[in-house]
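Engineer: This is what each chain is made of:
2 protein chains.
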Amino acid sequence: MTEPLRYSQSRPAVLSQVPRWDHEADVIVVGFGAAGASTAIEAARAGARVLLVESAAGSGGTSALSGGEIYMGGGGGTPIQRSAGFEDATEDLYRYLLMVGGPNADEAKARLYADGSLGHFEWLRAQGVEYKNSFIAERCIEPSTDDCLIWSGSEEAWPFSAQAKPAPRGHCPKFLGMGGGRYVMDVLTRRVSEAGVQVLYNARAQALIADGAREAHGLVLRIDGQERFARARRAVVLCAGGFVMNREMVKQHAPFLLRSRFPLGTVDDGSGMLLGASVGGAMINMGEGFATIPWYPPGSMVKGIFVNGRGQRFINEDCYHGRVSHYIMRQGGDRIWLLQDHATYAVGEMQTLAKMEIGAAGETWEEVERELQLPTDSLAATVRLYNHYAAEGTDPLFHKSRKWLKPLNEPPFIAIDCRIDHCFYASFTLGGLDSLPTGEVVDSDRKVIGGLFAAGRTTCGLPRWGEGYSSGLSLADASFFGRQAGMRAAATAR
Amino acid sequence: MTEPLRYSQSRPAVLSQVPRWDHEADVIVVGFGAAGASTAIEAARAGARVLLVESAAGSGGTSALSGGEIYMGGGGGTPIQRSAGFEDATEDLYRYLLMVGGPNADEAKARLYADGSLGHFEWLRAQGVEYKNSFIAERCIEPSTDDCLIWSGSEEAWPFSAQAKPAPRGHCPKFLGMGGGRYVMDVLTRRVSEAGVQVLYNARAQALIADGAREAHGLVLRIDGQERFARARRAVVLCAGGFVMNREMVKQHAPFLLRSRFPLGTVDDGSGMLLGASVGGAMINMGEGFATIPWYPPGSMVKGIFVNGRGQRFINEDCYHGRVSHYIMRQGGDRIWLLQDHATYAVGEMQTLAKMEIGAAGETWEEVERELQLPTDSLAATVRLYNHYAAEGTDPLFHKSRKWLKPLNEPPFIAIDCRIDHCFYASFTLGGLDSLPTGEVVDSDRKVIGGLFAAGRTTCGLPRWGEGYSSGLSLADASFFGRQAGMRAAATAR
Numbered sequence: 012m013t014e015p016l017r018y019s020q021s022r023p024a025v026l027s028q029v030p031r032w033d034h035e036a037d038v039i040v041v042g043f044g045a046a047g048a049s050t051a052i053e054a055a056r057a058g059a060r061v062l063l064v065e066s067a068a069g070s071g072g073t074s075a076l077s078g079g080e081i082y083m084g085g086g087g088g089t090p091i092q093r094s095a096g097f098e099d100a101t102e103d104l105y106r107y108l109l110m111v112g113g114p115n116a117d118e119a120k121a122r123l124y125a126d127g128s129l130g131h132f133e134w135l136r137a138q139g140v141e142y143k144n145s146f147i148a149e150r151c152i153e154p155s156t157d158d159c160l161i162w163s164g165s166e167e168a169w170p171f172s173a174q175a176k177p178a179p180r181g182h183c184p185k186f187l188g189m190g191g192g193r194y195v196m197d198v199l200t201r202r203v204s205e206a207g208v209q210v211l212y213n214a215r216a217q218a219l220i221a222d223g224a225r226e227a228h229g230l231v232l233r234i235d236g237q238e239r240f241a242r243a244r245r246a247v248v249l250c251a252g253g254f255v256m257n258r259e260m261v262k263q264h265a266p267f268l269l270r271s272r273f274p275l276g277t278v279d280d281g282s283g284m285l286l287g288a289s290v291g292g293a294m295i296n297m298g299e300g301f302a303t304i305p306w307y308p309p310g311s312m313v314k315g316i317f318v319n320g321r322g323q324r325f326i327n328e329d330c331y332h333g334r335v336s337h338y339i340m341r342q343g344g345d346r347i348w349l350l351q352d353h354a355t356y357a358v359g360e361m362q363t364l365a366k367m368e369i370g371a372a373g374e375t376w377e378e379v380e381r382e383l384q385l386p387t388d389s390l391a392a393t394v395r396l397y398n399h400y401a402a403e404g405t406d407p408l409f410h411k412s413r414k415w416l417k418p419l420n421e422p423p424f425i426a427i428d429c430r431i432d433h434c435f436y437a438s439f440t441l442g443g444l445d446s447l448p449t450g451e452v453v454d455s456d457r458k459v460i461g462g463l464f465a466a467g468r469t470t471c472g473l474p475r476w477g478e479g480y481s482s483g484l485s486l487a488d489a490s491f492f493g494r495q496a497g498m499r500a501a502a503t504a505r
Numbered sequence: 012m013t014e015p016l017r018y019s020q021s022r023p024a025v026l027s028q029v030p031r032w033d034h035e036a037d038v039i040v041v042g043f044g045a046a047g048a049s050t051a052i053e054a055a056r057a058g059a060r061v062l063l064v065e066s067a068a069g070s071g072g073t074s075a076l077s078g079g080e081i082y083m084g085g086g087g088g089t090p091i092q093r094s095a096g097f098e099d100a101t102e103d104l105y106r107y108l109l110m111v112g113g114p115n116a117d118e119a120k121a122r123l124y125a126d127g128s129l130g131h132f133e134w135l136r137a138q139g140v141e142y143k144n145s146f147i148a149e150r151c152i153e154p155s156t157d158d159c160l161i162w163s164g165s166e167e168a169w170p171f172s173a174q175a176k177p178a179p180r181g182h183c184p185k186f187l188g189m190g191g192g193r194y195v196m197d198v199l200t201r202r203v204s205e206a207g208v209q210v211l212y213n214a215r216a217q218a219l220i221a222d223g224a225r226e227a228h229g230l231v232l233r234i235d236g237q238e239r240f241a242r243a244r245r246a247v248v249l250c251a252g253g254f255v256m257n258r259e260m261v262k263q264h265a266p267f268l269l270r271s272r273f274p275l276g277t278v279d280d281g282s283g284m285l286l287g288a289s290v291g292g293a294m295i296n297m298g299e300g301f302a303t304i305p306w307y308p309p310g311s312m313v314k315g316i317f318v319n320g321r322g323q324r325f326i327n328e329d330c331y332h333g334r335v336s337h338y339i340m341r342q343g344g345d346r347i348w349l350l351q352d353h354a355t356y357a358v359g360e361m362q363t364l365a366k367m368e369i370g371a372a373g374e375t376w377e378e379v380e381r382e383l384q385l386p387t388d389s390l391a392a393t394v395r396l397y398n399h400y401a402a403e404g405t406d407p408l409f410h411k412s413r414k415w416l417k418p419l420n421e422p423p424f425i426a427i428d429c430r431i432d433h434c435f436y437a438s439f440t441l442g443g444l445d446s447l448p449t450g451e452v453v454d455s456d457r458k459v460i461g462g463l464f465a466a467g468r469t470t471c472g473l474p475r476w477g478e479g480y481s482s483g484l485s486l487a488d489a490s491f492f493g494r495q496a497g498m499r500a501a502a503t504a505r
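Protein sequences, first through last, are from chains A and B. To get my numbering, take the position in the first sequence, counting from 1, and add 11. To get my numbering, take the position in the second sequence, counting from 1, and add 11.
Don't read these hints as lab results, they were simulated from the structure. Keep in mind that the hints are not guaranteed to be accurate.
Since copy identity is lost for identical chains, a pair holds within one copy or between any two.
Pairs of lysine to aspartate or glutamate, EDC-like flavour, derived with a Cα cap of 20 angstroms [as the list claims (entries may be wrong)]:
1) K458 - E259
2) K262 - D432
3) K366 - D432
4) K185 - D157
5) K262 - E118
6) K417 - E374
7) K143 - D197
8) K417 - E377
9) K185 - E141
10) K185 - D158
11) K176 - E98
Hey, can you work out the whole structure from these sequences and the hints?
Structural biologist: Have a look at this one:
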């Protein structure tokens, strides 16, 4: 039997019982990913004394695992969008963000971001994040070069293209190869340091400290096995990531993500949400998450079609890979194949990474169907219908755009096995604390919790719907709304 | 400008600031549906002084809107199951309950219920709920007679039938016609009264009253426009239903349910969950809900097949109507049809109630396909494949059982329009407060919140997965775990 823990993220410590203050600051930021860094920079520049606590031994968080891509546009376009010939109206970005957010989209956050996205691009450049003035038209996940602008969502695909004029909005930093997230975080880490922010690594937030009116006044930290009490004179800002690494929380809130064997996170143990909820912060949209298999590039793969374990198509394959994958996850059963013919099939690094292997091949689709042990004329009928209309340049079932339509009629034919329980499906969570565009955490009445802010995946932000997610949205949300939280937290008066 | 409300369900009132006690009891129960009634009866019989507060003008809650059907079995079978020739092993009930609960099933609750279900049947009879010793083999939703036992779930359908030996377990009370829930609630209301429970109607729970250790000590009530302070010497039990009538909460937690235009509830405004969460109770599984269109009886309808807006089948149609409907909700797009031929088509009261109308008819399936403006050989190919295998007595795609397989080859053929935005899809929520089998509400560490219990749809109970729901589970859960909560709450010492 072990003694019960005295402090818990699920229960606030009582202010009047704090034995001493080991640390003091105006603003205490929890977590040193993109959200925490952006918060700390802005709060410090606004004159606040800032303490940043991070449970890992260095900066970066899950942001550093990413490609560093940030979703930006509007206002006529960033300089890079305009150079590439895209004029991107604010209203198109706004409408796209609303679609991306799904039935529970946050209009206020989408509005502020659409209006402020161009300015955010300049802010990132001013911090030292470099962008090459270049555009990659080819379908990709992130550039293997140091190029910048890519199509990183479903902008050109139905139904998005019908409601918002498409423009590429994924801005990747000037960093050779994949993994630009580390580069972006290194740049931001230097700015945090220059701004005079005090950073404590290996410091775990054990509990919020709150008064009887559940206003946040600080944190109980665990450092070197000892409890330390940190006082926030103005505010605590929770930037501690999502909860994908906390498998018990995933089971309780978004069990469909358990099927993904590759949770994409570092700490991401839900502690930010639990700390916020311990003083009344509302957790919303907790059932939503993102899961994806990187099944392109090469772009020619997009000319193939996905079928489920019944040989049925289920999505226009020219959508963003994450949207396609979200539909894969809801097909029921585990068997999923990507069908290609001799002309469209091409293997790149991605398919190897994703463990996509050939499941069947044949000189006719009937032969492939038999090899997959599917009922007679199930998969074959699916391909026949697709080919018939593709030859006419239409896809009446799913509205795949003409550009990607080609009858799959050049043998040999193959079915690539994309089973969820075998392949690389990466995942993260999209639910979190409800907050205002200022970063203020609210309760279920949408009443602000005193002294408490949050940003990044600890909140429910712009990206909140697996069907709508587009690459670069999470970093965009984390960095932009982190900045808002930092500015507002610094200006908070008790 | 209105003054901000002094009390909120989202924030506990502070015990030390309570001006007076207007009411006192050992146990205060919030909500007079099946959960609240069962709690109150058991708590009072255990010697507690019980106050039951209900926001409506009478007893019943959403339980009274139901058919009064309760899911019971195990232990070799209830007397009624045994008379009908079904031996129902406890382990089969247990395995079925685990499947019903889905990936986040609560093993402890399923275990306790499987072991105690037979005893619960006797308890209900002892309260005065009468059951006729009869069984209806025909597929139905609830009897139009006063008969008892029906197949009320997916017991005989794949994949359930492969893992748990099927038995009918829906026990309907001896009440002529539909709406037996009112009858069950009338019986329980009489027992509540005889047990000496004090009942306050038109009394709304405004806030929990908690101490600094967030232990529940009572409630702020609103009665006749006045605030009243009610002290619970031992415990508060939240039995206030789900949140389906609170459309803002539905949007935040389970937005897919917004598509159902017929939320099934009375109060069900989420107040039970909010009150529990205000003192740290964990809300789990909030994204799950139940939605259904009552598309049978007549049972012959089950021989038809459902297709989505692409003319594709998506489920074995011999499942429980709610499971079929759950799959309908995830098809994407709104168009859904139920295909029947001359031999299988039959209209009953249910189809009229559900606003299911004929969308197309023809002498061939190709004609129906054209009339529905579906691509050539989409729906027709689906029916051809189904008919081919049905003639052999198999359904390789979805495993519909042989009993319901018949080629749809007798013209005229019809497609019944089951559009979600037009037809009657009823819905309720399945997420709620996490609790122990005793009814004790727990926080996200699964630590018990002092003085706080919950039961029924305010909790996340046996039914917690739209794909698995079976009729009678919610009342079973509410009445059985309400009893546990009542017994334990009465025995609670501060």
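Engineer: Take the hints in turn and mark each one as holding or not.
Structural biologist: Verification of the hints:
no.	hint	in the structure
1	K458 - E259	between (29 angstroms within a copy, 15 angstroms between copies)
2	K262 - D432	within (17 angstroms within a copy, 31 angstroms between copies)
3	K366 - D432	within (11 angstroms within a copy, 41 angstroms between copies)
4	K185 - D157	within (5 angstroms within a copy, 75 angstroms between copies)
5	K262 - E118	between (29 angstroms within a copy, 13 angstroms between copies)
6	K417 - E374	within (18 angstroms within a copy, 34 angstroms between copies)
7	K143 - D197	within (18 angstroms within a copy, 74 angstroms between copies)
8	K417 - E377	within (19 angstroms within a copy, 26 angstroms between copies)
9	K185 - E141	within (5 angstroms within a copy, 76 angstroms between copies)
10	K185 - D158	within (6 angstroms within a copy, 74 angstroms between copies)
11	K176 - E98	within (10 angstroms within a copy, 63 angstroms between copies)
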